[in-house]
Amino acid sequence: MSAIESIAPAGMNNVFFITTEGKKMIGTLTSFSGEDTFEHEDKIYRLWNPNTSKLASMLMKGMKAPLTKDSKILYLGAASGTTVTRVADIADEGIIYAVEFAPRPARDLLKVIEDRENVVPIIADARYPELYPPFIDSVDIIYQDVAQPGQAGIAIANADKYLKKDGVLIIAIKAKSISASENVGDIFRRELETLEKRFEILDKMSLEPLHHNHLAAFCKYKGNI
Amino acid sequence: MRTWFGRLEEKNVILAGNSVNELAKWAESSDSKELTRMADLQSLAMKSGLCPSPEEYRRLLHETAMQVARDHISMSLAGKDAYLMQAVKSLDDLNEAYNILTSRMGEWYGIHYPEQRLRPNELLDFILQHGSRETIPSIGAAMDRDDVAAIQGLGLAAKALFYQRKALEGYINSAMEEVAPNLSNLLGPLLGARLIARAGSLEKLAKMPASTIQVMGAGDALFKHLRTGSPSPKHGLIFKHPLISGSPKSARGKISRMIASKAAIAARVDHYSGDAMDFDDLNEKVAAIKARMKERKKT
Chain A
2 MSAIESIAPA GMNNVFFITT EGKKMIGTLT SFSGEDTFEH EDKIYRLWNP
52 NTSKLASMLM KGMKAPLTKD SKILYLGAAS GTTVTRVADI ADEGIIYAVE
102 FAPRPARDLL KVIEDRENVV PIIADARYPE LYPPFIDSVD IIYQDVAQPG
152 QAGIAIANAD KYLKKDGVLI IAIKAKSISA SENVGDIFRR ELETLEKRFE
202 ILDKMSLEPL HHNHLAAFCK YKGNI
Chain B
7 MRTWFGRLEE KNVILAGNSV NELAKWAESS DSKELTRMAD LQSLAMKSGL
57 CPSPEEYRRL LHETAMQVAR DHISMSLAGK DAYLMQAVKS LDDLNEAYNI
107 LTSRMGEWYG IHYPEQRLRP NELLDFILQH GSRETIPSIG AAMDRDDVAA
157 IQGLGLAAKA LFYQRKALEG YINSAMEEVA PNLSNLLGPL LGARLIARAG
207 SLEKLAKMPA STIQVMGAGD ALFKHLRTGS PSPKHGLIFK HPLISGSPKS
257 ARGKISRMIA SKAAIAARVD HYSGDAMDFD DLNEKVAAIK ARMKERKKT
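If you read the sequences in order, they're chains A and B.
Be aware that the first sequence starts at 2, since it is given in our numbering, and climbs by one per residue.
Be aware that the second sequence starts at 7, since it is given in our numbering, and climbs by one per residue.
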């Protein structure tokens, strides 16, 4: 690791802007040292690559995610766990329920959360929240990044079952998982319309250029009305 | 209400156990249907004596979920594609056995009723339902009760094979949904499973170039082509794909190359990432190829 010029809080628990060699990067403070960590003034930091994490990309673009140190989060589309461990760094006193369906990436997920007691892995299909093993009572936040069609529908099904009223949905909508041939703008419009049945859209933003054809949205849950 | 640590009856929690193993076993066999919205599982667990503190609750929850997840993964991955391969081979065996039995029955019943022109399935049902041809006029030999019983016995065995084939197809469908959903979506579960079986495993298929997948199963023609320069094979097993076998001959080579490329990508995604893919553009692409070939023919 080259010389650290400055480390400044980024407005969220355990998240920092780290400047080295004039480049501003984002990172998290963690209690788990590993290959991707470095120590600075007796603390362990991990740099966070916005190319591989949509959440990092959202934060770099200035979206204010309401994640706190004791948030309870339902994470849909945990994949191999790269972003899950970040969320676990942030909500270090909360609980993250990490849902992933495909067995192969789930295997990698288990490896990286082995020692993280605030992460609860759930190997299940996010389309059917009723069929999860009964680990979850309620959550403050749903973070969703799934590569399946019907993304808004998945968010609604999970919110109706687990999200507190006024809880927040952070969703990365991946147009190419919904349809490869349709116009990207049309897909986003349709998904947002579906979301509006249950949510108030607080903020939305394209994740270009780091993540093509992705739209990030923050939404407040109005309840099942 | 069922929670991951036990059942709530009236106001009492009946714990499913104290150890992670016992709890995992219970949680594995439960779903969240009965879970009330906004229940407070942590207080419930602490009140019931499962754990003394929120920290302990979190630890136990994590450990139990890890155990459930591990079991689930090893169950769905451990040798699933090996099972799948055996199932595909069994399906071929069943087909062969079924064909042998029904053709034998055709010959056998032909002595009694040589005029029948039923297809093997229909003949099987006819024999099981009616036994002898009864009052239908025929030049065939008579069949007494023992003769009928003997051929019907064989018929029952053949019918059992028929149902077993259906069941095995259902198994292959659902196993493919788990092991290789994208490949299954693109090629159909059976053809996808055949490719995996031929390659040896999903991993091996995922590492194959698309061109190998394209001519897989056409080995003889391929080596003859390499040896003597005869025309190269355009498709192997994937010929069974309806978009290939249902297309005019002139376009098949191009279409099978395109589908083989898609299949190679699908196998890799299934093996390495597990994301869902979308093949909406497939029909459009095939139509474009056909149109181009038609155009070329004209000029």
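Keep in mind that the hints were calculated from the coordinates and are not lab data.
The C-beta atom is built at its ideal place from N, Cα and C for all residues, glycine as well.
Misleading hints may appear alongside valid ones.
[Said to hold, decoys possible] Derived BS3-like pairs (lysine-lysine); straight-line CA-CA distance at most 25 Å:
#  : chain 1 : residue 1 : chain 2 : residue 2
1  : B       : Lys-17    : A       : Lys-162
2  : B       : Lys-86    : A       : Lys-165
3  : A       : Lys-198   : A       : Lys-70
4  : A       : Lys-162   : B       : Lys-31
5  : A       : Lys-165   : B       : Lys-17
6  : A       : Lys-165   : B       : Lys-39
7  : A       : Lys-73    : B       : Lys-39
8  : B       : Lys-95    : B       : Lys-291
9  : A       : Lys-112   : B       : Lys-31
10 : A       : Lys-73    : B       : Lys-53
11 : B       : Lys-86    : A       : Lys-112
12 : B       : Lys-255   : B       : Lys-95
[Unchecked claim] Listing some non-contacts, in silico: residues in chain A with all C-beta distances to chain B over 10 Å:
#  : residue
13 : Ala-9
14 : Glu-40
15 : Arg-105
16 : Arg-117
17 : Glu-118
18 : Pro-130
19 : Lys-165
[Unchecked claim] So the derived list for chain A, only partly shown, Cβ under 7 Å to chain B, looks like this:
#  : residue
20 : Asn-50
21 : Pro-106
22 : Leu-111
23 : Val-113
24 : Asp-126
25 : Arg-128
26 : Pro-134
27 : Phe-136
28 : Ser-139
29 : Ala-148
30 : Gly-151
31 : Asn-184
32 : Val-185
These are the hints, each one checked on the structure:
no., hint, result
1, Lys-17(B) with Lys-162(A), "holds (22 Å)"
2, Lys-86(B) with Lys-165(A), "violated (39 Å)"
3, Lys-198(A) with Lys-70(A), "violated (30 Å)"
4, Lys-162(A) with Lys-31(B), "holds (24 Å)"
5, Lys-165(A) with Lys-17(B), "holds (23 Å)"
6, Lys-165(A) with Lys-39(B), "holds (18 Å)"
7, Lys-73(A) with Lys-39(B), "holds (20 Å)"
8, Lys-95(B) with Lys-291(B), "violated (33 Å)"
9, Lys-112(A) with Lys-31(B), "holds (21 Å)"
10, Lys-73(A) with Lys-53(B), "holds (21 Å)"
11, Lys-86(B) with Lys-112(A), "holds (21 Å)"
12, Lys-255(B) with Lys-95(B), "violated (29 Å)"
13, Ala-9, "holds (30 Å)"
14, Glu-40, "holds (26 Å)"
15, Arg-105, "violated (5 Å)"
16, Arg-117, "violated (8 Å)"
17, Glu-118, "violated (5 Å)"
18, Pro-130, "violated (7 Å)"
19, Lys-165, "violated (7 Å)"
20, Asn-50, "violated (18 Å)"
21, Pro-106, "holds (5 Å)"
22, Leu-111, "holds (6 Å)"
23, Val-113, "violated (12 Å)"
24, Asp-126, "violated (10 Å)"
25, Arg-128, "violated (11 Å)"
26, Pro-134, "holds (5 Å)"
27, Phe-136, "holds (5 Å)"
28, Ser-139, "holds (5 Å)"
29, Ala-148, "holds (4 Å)"
30, Gly-151, "violated (10 Å)"
31, Asn-184, "violated (13 Å)"
32, Val-185, "violated (13 Å)"
When the structure is compared with the earlier hints, violations turn up for hints 2, 3, 8, 12, 15, 16, 17, 18, 19, 20, 23, 24, 25, 30, 31 and 32 and for no others.
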